[in-house]
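> Letter by letter, the chains look like this.
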Amino acid sequence: MLKIFKYSLYDLARSKWIYLYTFFYLLAGFALLYLNNDMMSGLTNLLNISLLVCPLISIIFGIMYFYNSREFTELLLAQPINRNSILLGQYFGLSISLSLGYFIGTSIPFVLYGLFISDIIFDFILLLVTSVALTFVFTGFAFFLSLLNENKIRGFGLAIFIWLFLAFIYDGIILLSLFLFSQYPMEIYSIAVTLLNPIDLARILIMLKLDVTAMMGYTGAVFNKFFGSSLGMVMALFSLIIWVLIPILLSIRIGNRKDF
Amino acid sequence: MIEVRNLTKYFGKLKVLDDVNLSFDKPGIYAILGPNSSGKTTLMKSILGMVIPQSGKINFNGEIVNGSYRYRNDISYMPQIAHFPENLRAGELISIIKDIRKSVATDEDLIADFYLANHLDKTLKNLSGGTKQKINTVLALMFDTPYLFLDEPTAGLDPVVLLHFKELIMKLRNEGKIIILTTHIINLVEEIADNVIFLLEGKIYFTGTVNDLIKKAEGNNLEEAIANILKANGNA
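Line by line, the protein sequences are chains A and B.
If you're matching positions, the first sequence starts at 1 in the working numbering and goes up one per residue.
If you're matching positions, the second sequence starts at 261 in the working numbering and goes up one per residue.
Pulled out of the complex, with its shape left as it was, chain B reads as follows (with noise of 0.2 Å):
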């Protein structure tokens, strides 16, 4: 379990995320939505410890873990965009995560999956935006953890890519795993989200199933209710 308690973050005096209060506690999946800048990522780098909130604890299967590491073995991330070290190969990259978690890793299904074979010997900073964006998925899905955390993961995929993706994030779905992502593509949220959170300038404006949702911001689908929340809140 995840639980995040008045999580507060500027940075400078910018106010990101304003005394958020969150807990991951059931298998499935938790899409975050929200407009650009509205704290999605800065929640998810902030649970992980690269973002030091200023004030607020992230409790993880009840032990509050801010400053610490361990917790991170359960937990894949997926970063939105794919900074690699450049003159490193594909191949090695991953060999140097493996070695660095040393957990079972499933990289060679992976591989196959996304037809990486042919890219693994090539420097990162030859590989074009979506082969990158493919590589990071295989770092984010090879280890077998509790909790993924994946940030905008379909960016820059392929529908054929895309399609397979789908099915395995809903095969660890099934697994019994938390996954919790970020996404601007709505369809995707329908498709697969169990529950939502509404982030709106730093704060969580809602938190429950797409259904609920739409209900409370009155639209015929998640597309209009979206829409709806943002023109009422000034944001479009």
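Just chain A, with the same shape it has in the complex (with noise of 0.2 Å):
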């Protein structure tokens, strides 16, 4: 598995889009903290940024490279090499890489305006940790959907939708049935539409961090009521864990029966 890691990580550093990935977070960090002259409010709107373009990123770019690679894992296949570890080397290899980016891209700003003297350093840390994370959700996601469709367009398609829909229109529908049912104790379901998309439980892992109350939204203050600030974050934290599994785990049932 190593060797097709470092092979996926050898061909990724000569793609053009990592460093373009990057350079968009770095911008993005600088002009954030050159807006705000605030840390705090400069790490906020990162993470609202981040909400967005980790999860889009990771799954337009990563199935754009999935199926770029076939070829490459065609010839693999028939090489001495167990097929998890073709899987999970290319599956590794780009979410290393574009975490990396991500890494480099954010920290460089934060750290030259003073990350390290200042009080949010835990904060930005875990910015960091559920942004990784929902970038190997994410790329899962993607790994998922180019074994799962031969057809290019069909899979750039779900790709696209899988993002808006968890991104935007997941949140529309559940406010609207909040709304729909609010003679009802909603609490508990509030928690579970929560634990079911990837990015909402990274957006109120980093709120119950923070302690914004205000945009916490109604989940995050349920989370917040229901389990308290510590507990709530173990709990999404898990919860997020699990989120990470879920798609590698599909993607490697799926491509252990699948035919090259």
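Quick caveat, the hints were computed from the structure, so don't treat them as lab data.
Note that the structure is a prediction, hence the values are computed from the model and not measured.
Think of the CB as a built atom: it goes at the ideal place given N, C-alpha and C, for glycine as much as any other residue.
Some clues are possibly wrong.
One side only, chain A facing chain B, incomplete, derived with CB under 8 Å [stated by the list, open to error]: (1) 11; (2) 14; (3) 79; (4) 82; (5) 260.
Residues of chain B clear of chain A, computed beta-carbon distances all greater than 12 Å [to be verified]: (6) 319; (7) 416; (8) 422; (9) 447; (10) 451.
Put the two chains together into one complex, using the hints given.
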């Protein structure tokens, strides 16, 4: 697996998209810190950007990358290598490259603005961890879709739809349902629907840490009330880890039965 | 020895291989013949574990190898259409595969044989179809493996290279390797094949020597024999 991982990294290191992605966060980080002149607000703004952009780029770039490396996969499958090693090597190659891009792009501006002497260092680390988790989740989705669909257009369309659905449509539906059934007790329901959306989970996880009640939204507030900050965070983090595992385990299952 | 037992493969509802039983035990060249979509490539890929059959076992030197991978150390495979990662240079691809296999490779001789030295620094997407096929050949022939699976190896090769390729294959055959190839070029089969396997709609129609096939199908030569078989079975 390490060898495949190495060659995946090597291949991605030549892709200008990874550098563009890093540069985007670099630019965003400097711009936000410059405009806000306050690290805490910079961080909250970066959070909002990360929650949209990390999933979007991971799933879109992921599906393009996995379709493009299909040839290499076929070549590797004829070699004496375990199928799981090939699949996992490619998955980790991409998810770790994207995570590194994010890490470098966001860390440089914050460190230069004095992250280490500020009191938000743990908040920042939590944001990094959460964004990396989202990167893994959505790279996993991309991998899953690319294995499931031979038709690239269909795979691409589904990828965009999953992102749109989890980033926007889902919240809309939840809000609507909460509004329609507002006479009923909705706490358990709203916790359940939050656990089912990795982006919401990531948002609530950081909101609980930052303790900005105003930005938690209804589900965040329920989470806070129900579990309290610390237990809520543990719950959210645990669920997010499960979310990381789901798509990659499904991908391996499909990949092992697939004909190449 | 490779033995294929009761191999059946569906793609969706389409039955591509239908209870195929085969064995490759003696050294020599086995040509798998058959019309398009008769299951030639699927048969090869099933033995290699790239295609997962619904039922059937692959016995490799007395061991059932479905789902395992180490046995591929003894097999070199040349795919039909050379799909390569586009951004790599030809030379890099060769060294990657060498690094993965960790076996002794004779790539330098083959590169000289196929006049590829000038192409090694080019990215694979910039190579012509024929040059890609040559790279494909180098990748398949550079390891000293007892089994060679060649899926339409001669497609896209120019006459000079083809001649050289045939010499190479004959040399490998005389070294006692088992070479399994698919092709549509009848001359090549008559020239080099020791055994012929004729696939028809996923079933084995015939196994034996070229002369036996000609006799069985009542033709004057292999070309006629094949035409007769296809006509008799409503394929032409």
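> Among the hints numbered above, which are violated by the structure, and what are their numbers in rising order?
Of the numbered hints given earlier, the structure breaks none, since each of them holds.
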